[in-house]
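Residue numbers (the numbering used here), protein chains in the order written: chain A, 1 to 270; chain B, 1001 to 1301; chain C, 2001 to 2125.
For the record, the hints were derived by calculation from the structure and aren't laboratory data.
Quick caveat, the model's predicted, so the values are computed rather than measured.
Backbone N, C-alpha and C define an ideal beta-carbon position, used for all residues, glycine too.
Be aware that a few hints might be false.
Covered stretches of chain A, as calculated for chain B (at least 3 residues, CB under 8 Å) [claimed, not checked]:
1. 112–124
2. 193–205
3. 219–226
Now the in silico label distances, taken between C-beta atoms and shown as ranges [said to hold, decoys possible]:
4. A/100 / B/1205: 38 to 44 Å
5. C/2007 / B/1047: 52 to 58 Å
6. B/1208 / A/161: 40 to 46 Å
7. B/1203 / A/161: 48 to 54 Å
8. B/1067 / C/2103: 25 to 31 Å
9. C/2013 / A/228: 33 to 39 Å
10. B/1052 / C/2011: 57 to 63 Å
11. B/1144 / A/184: 56 to 62 Å
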Amino acid sequence: MNRSPHWPFHVTLSIICALMLVPFIWVLKTSLTGENIFTYPPSVLPQDPHLFYYVDVWYSIPFFRYLVNSFFVSIIVVAANIIFNAMAGYALTREFIGKRAIIMLFLSCMMIPFQVTIIPAYLITKELGLLNTYLGMALPIMSTIVCIFVFKASFDAVPKSLIDAARIDGLPDWKIIFKVMVPLSQSAIATNIILAFIWSWNNFLWPLVIIRDQHMQTLPLGLSRFLTVVEDTTGAMYAFCIMVLIPGLVIFLLAQRQFIAGLTSGAAKG
Amino acid sequence: MLLFKRKKTRETLLIAFFLAPSLIIFVLYRIIPLVWNGVLSFEFWSPYKPAEFAGLYHYQEMLFYDDVFWEVLLNTILFMLSAPLGIVLALAIALLVNAPIKGRNIYRTIVFMSYPVMTVAVGIIWQWLYNEKVGLINYILISLGIIEEGIPFLESFNLALPCVIVASIWQVVGFYMIVLLTGLQNIPPSLYESAAIDGANSWQRFKRITLPLIRPSIFICIVIGIINSFTNFDLVFVMTQGGPGHATDLLITYIYEAAFTLSKFDYAAALTVVNFVFFLGLALLANKLSGGEAGAVETGD
Amino acid sequence: MLRSVFVNRYTITFGLTLVIALLWNLFVSFNDSGILSGRVVDQNNQPIGNARVILSEKTLLVTASRDEVITDADGYFRFEGHKLYHLYLEVSKDDLASASSQEVRLYFKGQNKILKKPLVLEPQS
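Isolated chain A (complex conformation) (with noise of 0.2 Å):
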C-alpha cells in the first residue's frame, strides 16, 4: 500500500481542533481578565491575568452551596445507579418466567425520552412531597436503561462455572454478587460511575422544573440565572463557566475510556 503523507492529516485535524477549542480557550481567557474583544489589539495570550472574578462570583452567590446541591444530588445518582443496575443486571442474567415482557418494557422505556414525560412527573413528583428536595431531583434519573444492559452483558461475560463453582462451595446470592461478580465487572461500574455523574452534574431541564427554593439549586441553574441576577459581568460570568466546566471535564478526561465506552455500548442498543 502507498502511504500518504501525515502532515496533511495534521493540519487539517489541528484547524479542526482548534476550531473546537476556540470558545473553551477565549471563555477562559475572558474569565482571566474580563477584557472586552474589543480592546485593541486584541491579544490571545491574556494580559495582567488575574483570579478576582472568579472571588467576585464565590461571594455574589451562594456558589458553595450550589455546589454541595450539585455533588450531592450526583453522589445519590451515582449509587443509586450503581446498586439498582448492577441488581436489575443481575436479575436478567437469570432464567424467569416474564423475562422477555421485562426486556421489552426496559427497551420501550428507552424509547420514551424523559423529556416528553416533564409535566406528569413534575405532578408525581409534587405528590410524593419531593419538589425541591435532593431525592426529587435525583428519582427520576435513580437507574438508567444502557446501564442496565451494560452490567447485563458484563455479568453474562463471567463463566458459568465459576458461579456454579461458588455456588457448590454454598456461597448465598449476595455473596457470589460481591466475591464473584463484582470484582469481575469493574468496567462495567466505571462507565456507570463516570455516565451517571456526568448526567447528573449536567442535568438542567429536571432541577429547573421542580426547584424553586434558591438554597437547593444545582450550578447548571445558577449558572442560567446568574446573568439574570447581575449585569455587565463578562469577567464574573465566564469565570463561573470555567468553574462549573472544571469538574465535569477533569472526571471525563480522568475517566475517557470507560465514558466512551458506555456511550458508544448504549447508541448502539438505540
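With chain A fixed as given, assemble chains B and C onto it according to the hints.
This is chains B and C only, laid out in the frame that chain A set:
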C-alpha cells in the same frame, strides 16, 4: 421435590426483589407519566380546578388556531434536518482520526470534549460568541472586512435558528465522531487490502467498503440527531429563550413554556403527545431503514 | 495490587484537590482579620496626617460605604475587622482629594493586606 419448589420460589422472589427498584423508577417516571400525559391531553385541567373531559379540544386548538405550534414544529424539523450536516462533518473527522497518525488520540479527545460539558455553559459561551458588540464571530467578520458593523445574530428572526443549530452541531459532532469511529474500527483491514490488490482507488474503497459497512453507525447517528432535536432544551433555553418571538422555539421549549410559565398543563400535555408520537414515528422509521440494527439488542438467552 | 488501588490517577487528582482545599482554608483562617493598612501622601511624597479615608464596598450587587478612619501624623491608616473582598478607598482632606478612588480586590473576605503604594492626595482644582 418440595425443596426444589421452595428454592424456585425463593429465586423468583430474589429476582423480583432485584428488579423492583429499577422497575419502580421506570414505571413511576416513564410509564405512568406517559399514560397520565395522554389522559391529561383530553381534559381541561389546572392545578386549581377539578378535571373535566375536553375531548379533542386541545388538539383542535393546536392544529387549527395555534400558529406558534406550526412555527415551533417547523423549527424542530429544521433542527432535525441539520443533523446530516453534523454527521457528514463527523464522518470526515472520524476518517481523519482513524488514519494511523501520531497523536490521533489527542485529536479525538479534543473533538469529543465539547460533548460531555454542561450544555448550559455551552449555551452561555455561544450566546456571547454571537454577541453583537463584543462577540468573537462579529469581531472576526469585521476584521476580515466582510461586514461593516456587528450583526445581532441571536436577535435576528432569520439568523437565530441557524446560529443555535451551529452551536448544537459544535457540541454533538464529537459524539457522532466517536460512534462512527467505532463503526470504522470494526471494518476488517483485510477488506481494504484485497480491494487495493484489485486496484480500487481510495474513493472506490470508501464507497464500496467503508460506507456500506458503517451504515449501522450512521443510522445510530441519525437516531441521535432525531433525539437531540426533540430533547435539546438546555441550549435553546439558555441562548435565546426561544426568541426572538418564537423563532428558535423547539417543541420541547414550547412545552416547557406552556406548562410552567403559562400554567397551561393540559394544553402542554397535548403538545407533548404530538411531540412523542412524531418522535416515535421518526425513530421507528430510522430503525426500519437501517434494517433494525440501530435498535437491536441481543436479548441473550 | 494494593498500590494500584490507592495510588492511581483518581486518588491523586481527588486527593490533591482535597489537600489544596484544606491548605487554602487553613491559610484563610489565619489571614482573615480584615486588616487593611496603607499610607496617604501628597504629590511630593510627604505624609498627610488627619486625612479622612473612606472604605466602601463594591461588588456585583452592592455599592455602599462601610467604614472610615483618620490618618495619623505619619499618614498611616489602618482598618480592622472588615468583611469585604472588593472595595474602594477614598481619601480627602479639606481642599485635597485623591484623583480617583483606589480599587482594592482581595482573594477572600477580610484578607489582611498592606498597601504597598501610598495613596496620593492632590489639590482639588
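Evaluation of the provided hints:
Here the segment 112–124 of chain A counts 13 residues with a CB under 8 Å from a CB of chain B, which clears the bar of 3, and the coverage holds. As drawn, the segment 193–205 of chain A meets chain B at 5 residues by the rule of a beta-carbon pair under 8 Å; at three or more, the given contact holds. With 4 residues carrying a beta carbon less than 8 Å from a beta carbon of chain B, the segment 219–226 of chain A meets the three-residue requirement, and the given coverage holds. At roughly 42 Å, the beta-carbon separation of residue 100 of chain A and residue 1205 of chain B lies within the given 38 to 44 Å, and the hint holds.
Between residue 2007 of chain C and residue 1047 of chain B the Cβ separation comes to about 55 Å, which falls inside the hinted range of 52 to 58 Å. At about 44 Å, the CB distance of residue 1208 of chain B to residue 161 of chain A agrees with the hint of 40 to 46 Å. Between residue 1203 of chain B and residue 161 of chain A, the C-beta spacing of about 51 Å keeps the proposed range 48 to 54 Å intact. In this structure the supplied range 25 to 31 Å is violated for residue 1067 of chain B paired with residue 2103 of chain C, their Cβ-Cβ distance being about 52 Å.
For the hinted restraint 33 to 39 Å between residue 2013 of chain C and residue 228 of chain A, the CB-CB distance of approximately 34 Å keeps it satisfied. Hint check: residue 1052 of chain B to residue 2011 of chain C, Cβ distance near 60 Å, so the stated range 57 to 63 Å holds. Range check, residue 1144 of chain B to residue 184 of chain A: Cβ separation about 58 Å, and the 56 to 62 Å hint holds.
The earlier numbered hint that this structure contradicts is number 8, and it is the only one.
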